[in-house]
Amino acid sequence: MLAAIADDAAASVVLSVAIAVGNLYAATAQAVHAGEEQAALAAAAQDAGVALRTVAGPPVEGLARAAAAEDVAALVIGARGAHAGKHPVGSTALELVTVVQKPVVVVSLAVAPGPRIESVLVPLDGTIASAAALHETVRLASNAAAEITVVHVEPRHSAPPFEDHRPHEVDAWSKEFIARFCPSATEATLELRVEDGKPHEHVLDILRQSTYDLVALGWSQDFARGRAAVVRRIFAESPVPVLLTPVRDDP
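To convert, take the position in the sequence shown, counting from 1, and add 953; that gives the numbering used here.
Hint data in this document are derived by calculation from the structure and do not stem from the laboratory.
Hints may contain errors.
Derived Cβ-Cβ restraints for the label pairs, each shown as a range [as the list claims (entries may be wrong)]:
#1 Asn-1096 x Ser-1044: 33 to 43 angstroms
#2 Ile-1081 x Thr-1007: 37 to 47 angstroms
#3 Asp-1124 x Ala-1098: 31 to 41 angstroms
#4 Arg-1133 x Pro-1068: 29 to 39 angstroms
#5 Ala-993 x Asp-1124: 50 to 60 angstroms
#6 Gln-999 x Gly-1067: 16 to 26 angstroms
#7 Val-1052 x Arg-1092: 17 to 27 angstroms
#8 Gly-1079 x Gly-1010: 18 to 28 angstroms
#9 Ala-1132 x Thr-1007: 38 to 48 angstroms
#10 Ala-1177 x Ser-965: 44 to 54 angstroms
#11 Val-1025 x Pro-1192: 25 to 35 angstroms
#12 Lys-1128 x Gly-1010: 30 to 40 angstroms
#13 Ser-1044 x Asp-1000: 23 to 33 angstroms
#14 Gln-1054 x Ala-1132: 41 to 51 angstroms
Here the structure is a predicted model, which means the values were calculated and not measured.
Virtual Cβ for every residue (Gly too), placed ideally from N, Cα, C.
Starting from the given sequences, assemble the full structure and let the hints guide the process.
Right, dumping it as structure tokens:
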């Protein structure tokens, strides 16, 4: 689990999240810094009990290259860059999530991470591609006995999938949805919520009103598409770390 640290102010938070997510993945955490070694960063890594290495070259290029290593399960980065006062998410984080072909966890400095990931919110749009992207995350969370809440948001202009249906039909639809899109989860760890409206609004409301440790999203890695607005909003306002997994376009 690679934790990218750039300054000592954010290092402790990023490292703590990397260790917690690393436990979920059964992976050890390692710190990486793009640039010359800094005493403050070395001290932060030592305090967290992880090793620190440096990579040469521009930050995005160097960190992407480090994340591409075969033994790296995921990359953890801070949400804010050098211009945190002007942008909700730093430019380095925005570029990395579009080029790294592995899960990337984006961490706000406001996060107060715990030692373990005990609950995960998983928004699914009802497509096979997004479910496939998050299959491994759901499996790992389920195996770790973490509580998983899957939320499926229907657009306001479309009717809910079981509007006017009887309770047993609602239950049947829910079981079918879980079997199709979350086959790796167990009933003991998974809850399904169905909402009506705008995805980012419901996801953020749920995160603010609950005590999740992580929100996991599948996305296209393309900020030019419509889903980018959802990702940007959740980046900027999520009170918990955001795990992004690339959605493959393969048929």
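Consistency of the hints with the structure:
1. Asn-1096 x Ser-1044: 33 to 43 angstroms: holds, 36 angstroms
2. Ile-1081 x Thr-1007: 37 to 47 angstroms: holds, 40 angstroms
3. Asp-1124 x Ala-1098: 31 to 41 angstroms: The hinted range 31 to 41 angstroms is violated for Asp-1124 and Ala-1098, with Cβ atoms some 24 angstroms apart.
4. Arg-1133 x Pro-1068: 29 to 39 angstroms: Because 34 angstroms falls inside the window, the suggested range holds.
5. Ala-993 x Asp-1124: 50 to 60 angstroms: holds, 55 angstroms
6. Gln-999 x Gly-1067: 16 to 26 angstroms: holds, 21 angstroms
7. Val-1052 x Arg-1092: 17 to 27 angstroms: holds, 25 angstroms
8. Gly-1079 x Gly-1010: 18 to 28 angstroms: Given about 40 angstroms between the Cβ atoms, the range is violated.
9. Ala-1132 x Thr-1007: 38 to 48 angstroms: Given about 47 angstroms between the Cβ atoms, the range holds.
10. Ala-1177 x Ser-965: 44 to 54 angstroms: Taking Cβ atoms as reference, Ala-1177 and Ser-965 lie about 35 angstroms apart, which means the hint is violated.
11. Val-1025 x Pro-1192: 25 to 35 angstroms: holds, 27 angstroms
12. Lys-1128 x Gly-1010: 30 to 40 angstroms: violated, 50 angstroms
13. Ser-1044 x Asp-1000: 23 to 33 angstroms: holds, 28 angstroms
14. Gln-1054 x Ala-1132: 41 to 51 angstroms: violated, 29 angstroms
Going through the hint list in order, the structure does not satisfy hints 3, 8, 10, 12, 14.
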